[in-house]
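J.: Same order as they appear, the protein sequences are chains A and B. First residue of the first sequence: 1, per our numbering; consecutive thereafter. First residue of the second sequence: 1, per our numbering; consecutive thereafter.
Since the hints were derived computationally from the structure, they do not count as laboratory data. Please read all numbers here as calculations on a predicted model, not as lab measurements. We put the CB at the ideal spot given by N, CA and C, even for glycine.
With the Cβ distance kept under 7 Å, some of the chain B side facing chain A (calculated, not the full set):
hint, residue
1, G204
2, E206
3, P232
4, N233
Chain by chain, the residues:
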Amino acid sequence: MYLVKYTIKRLLMLIPVILGVTLILYFVLELSPSNPALQILGADASAEQIAALEHEMGLDQPIIVQYVRYILGVLRLDFGSSWVSGYDVLDTFMLRLPDTLMLAFTATLWAVALGIPIGIYAAVKQYGVFDYGSMVLTMLLFSMPSFWLAILCQILFCLVLHWLPATGVGSLRHFILPALVLGANTLASMIRMSRTSMLDVLRQDYIRTARAKGASKAAAIVHHAVGNSLVPVITQIGISFAGCIGGAVVTESIFTIPGLGSMLINAVKARDVPVVMGTVILVAIIVGVINLVVDLVCAKVDPRIDLAA
Amino acid sequence: MRIYKPAALLLLAALLFSLPGCASGQEARKGADGGGSSVILATSGEPYRFYALSEEGCAGDDNLVLSNVYDCLTFLEADGSISPGLAERWELSEDGLCYTFHLRQGVKFHNGAEFTARDVKFTFDKGAAGPLGSGLFVNFKSCEIVDDYTVNIYLTAPYAGFLYGVASRLGGICSLDYYNEVGDEGYLEAPIGTGPYRFVEAVGGEKIVLEAFEDYWRGEPAIDTVIIAIVPNVSTQMIGLENGDYDAVRNPPIDACTHLEGREDICWDYADSTGRITLYLATWGGRVGEDINFRRAVQCGINKEEVTAGTSSGFATILDIDMCPMYGGYPTEGIVTVDYDPQQALDYLAASDYSGESFEILVKSGTGEEMAAKIIQSQLIELGINATVTAVDNTTYTQLQYSGNFDAIIREQLSSMVDADGASTYFNTTPGYAYTKNCKYPLADVIYPLFVKGREVQGEERTPYYVEACNLITQEAYLVPLYNGLIAVAYSSQLQGVEAHCLGSYNFYHWSWK
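With the rest of the complex left out, here is chain A (with noise of 0.2 Å):
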C-alpha cells in the first residue's frame, strides 16, 4: 500500500515541477523577438491577413491569457500544432518517440553491458593493467565530443569498412552507430560509478567476514560484492537513459534519426512555440516517470531504504 502511496505522491510532486518548467519556457519565449504570424505568411501578406492570422492564434490576447488557454489545452492532451508545419504537436512526438526510445534503450544498454563488468573487474583488479586502461578509457569517452566520435564512427564503419549505413533509420542496423555514440558517455560513467562502487563495497566489513568465514575470494565478489555494489549503479542507468531521450540532439542531429531531439532542435531555431513547449512537458513526464521507476526498483533491491518513511 504505501508503495501506491508513494508513487501517486511522486506523481502529483510532478504537476508543479511541470508547471514552473513551463510557465519559464513561455515566457523566455514570448520575450523572443518574432511575429509567428508574420513567419508564417510571409513578407509579402497584407497586414489585414497578418491581423487576421494572429486573432485565429489567440496572439492578440495578453501573455497571461495564451498561457492559461495553453495550459488547459494541455489538460485536454491538445498540445497544439506547429507554427511551422502546421502538424499536430502530440501526433509527431509520438510519431518520433519509438525512435528516440530505441536509441536511448541501445544506447543505455551496451553501455550498461560493458560498463558493469569493466568497472567490476577493475575495482578486484586494482592498481592493475586492466585498471589504468579502463580509466583511460573512461577519460577519452569523457573527453571526446560526441560529433567528433560520431563522424569518425561514420568515416570508419561507412565509408571505409562499408559495414554500416551512415543516417536514417529503418532497421536495427541503422541504431548501432548512433548507440555506440550516445552510449559513449554512458559507458564511461557506467565504467566509473561501478568501480568506485565496488571498491567501497570490498572494503566492507561483511566482505571481510565472508572471507574469514571461508568463502573464496570469487564467491566473496559474486555473491556478496556485487549485488550490493549496484545499487548506486541502478540510479545512475535511469539517469543516463532519461538523459539518453532528452540529450540525444546531437547525436540524432548527425545520424539524421527522426527522433525527439531533432524536433526540439528545430523548433526552437525556427521559434515554433507549441513544438517546444510540447516536447519539454512530455519529454519532462518521461524523464518524471523513470526517476520514479528508478527509487521504486531502488527500494525493491535494496532493503535499507524505506519508502514508507
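Position chain B relative to chain A; hints supplied.
T.: Structure of chain B alone, referenced to chain A:
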C-alpha cells in the same frame, strides 16, 4: 544458463554476418532486382505544405515537392527562362493588360479528372486572394474562361514579370472539382495536381514520398518512386551520398562539392540561382550610414573577389548591380559600376564624419552570408572602420530586418520572380509594406517610380528605367551588390538528367538510372 550462452553466441554471429555488404541499397533502387526504381534525395530544408492555395500559403522549400506534383501554365527552366507548360502558347494584348493562354488538351489530374480552364480560373482567383497573391500574381485582376481550353487573365496594370508568377509555386494548377469535394484541409492532406509525380506521404522530419504518375501528359517518368529524405546536417548528407544511402544531395555547399573532384562514382553540378547576395546599408535612425561619404567608403572598400573566394571558392558571379544577370529586364549597358579601391575608400572615410563608431552587420548565422560578413568585416577593419558582425538565427533575423534595427544587413533574395523588378523590394514606397515600413531610403520616392515604369513596359523599353534606378542606387551607395547565389546538386554518377535549377528545385521527370 546453458540456453543463454549458445543463444547469445548465435545472436552475435548473426549480427557479424549481417554487417558486411549491407551498406548500399543503390543497386536495389535502380530496379535491377525486378522491383520499381527509386531515388533518395537528401535535403536540409524541409518542405511542409503541398498546397499553395491554403490560407498559410507555402514557402520556398515546398517548391521541391510542388514543382513535381503540380504543373504551371508556364515552366521556369533551370537557367531562369520561361517555356510552355500546361499552356501550349500565350499572347499578350497590346496594352499589356490581358494574357490569353491556350491550354493543352488531354491533361489529367492524379485522380483521373480532366484538366480544363475551370481549374485555371479557380487557381488564379484563389491564389491571388491568398497571402502569396500580391507577391507572385502581381497586378492580377481577374481570370475569364473563354472556352474549355482558353483563358484570359486580366491585369490591373501592365507587369512585365507576370509570367514568372505564373510559373511560380502559386501557379501550380489545382483541381476545382477535387477542391469542392475535399476543401482546403483535404487538399492539404492529400494534394493532387497534373505533375509527373503524385504525393504519397510526408513523415514530418523524416521523409516525403512521391510516386510516378503513369498518365502524365509528357509520358510516364523513368523513376518510379522519389524519396525526399530530410537530413539537416550537411556533412551527414555528403557521407550518406558517398556511402550510397542517398542518390543525390540538394544544394550542398560548393566547398563540399569541390572535395568530390576526381571521384568517378559521384558528380556534381551548379548553376546561378535567382538570388543575389547584397549588403544593404541603413540610412535612417541616426546611424553611421546616413553619411554618404561613409557609405561610399564601404562601397569601394569591399573586395568582392576575396568575398566570393571565401564563400564559394570563387565559383559565384560577382554582381555590379542588385540584380542577377538572368533577370528579365536586366540592363546590360549604361550601368555605373564601382570597383574595389582601398585608397579611394580611405579618402571617402577621411571626408566623412565617421569617428570610430561601431558598424554592425546583421546576418543569418550558419550561412554563406555569415562567412561573407566576416570577410567584409576584416576588410573594413583594415580601412579603420569598427565593423562588427551580428549573426542571429533565422527568426530573429527576419524580425530585425523588418525593424530596421541594424547598420548594415546582408540579404539573400532567392525569388520566384526572376525579374529586374525584384530589385525594387527595398525601395517600395507602398504604405505599410513590410520590408520598407521601418527601412526607408531617402531617395526611394524617386527610385521606386522608375521600377514601376520599368515593369509596365516590355522588352528593351524597360532598360532605361532600370539603368537610371540602378545608377541612382550606386551613386547614393545605398547598397553593395556582392555576388549571385549558387545552387548545387551532388549525385550518383549512375543517375542521368540531374541538373541544378536556379530555384533549388528539381524536375525529377528528367531523372533516370543509367
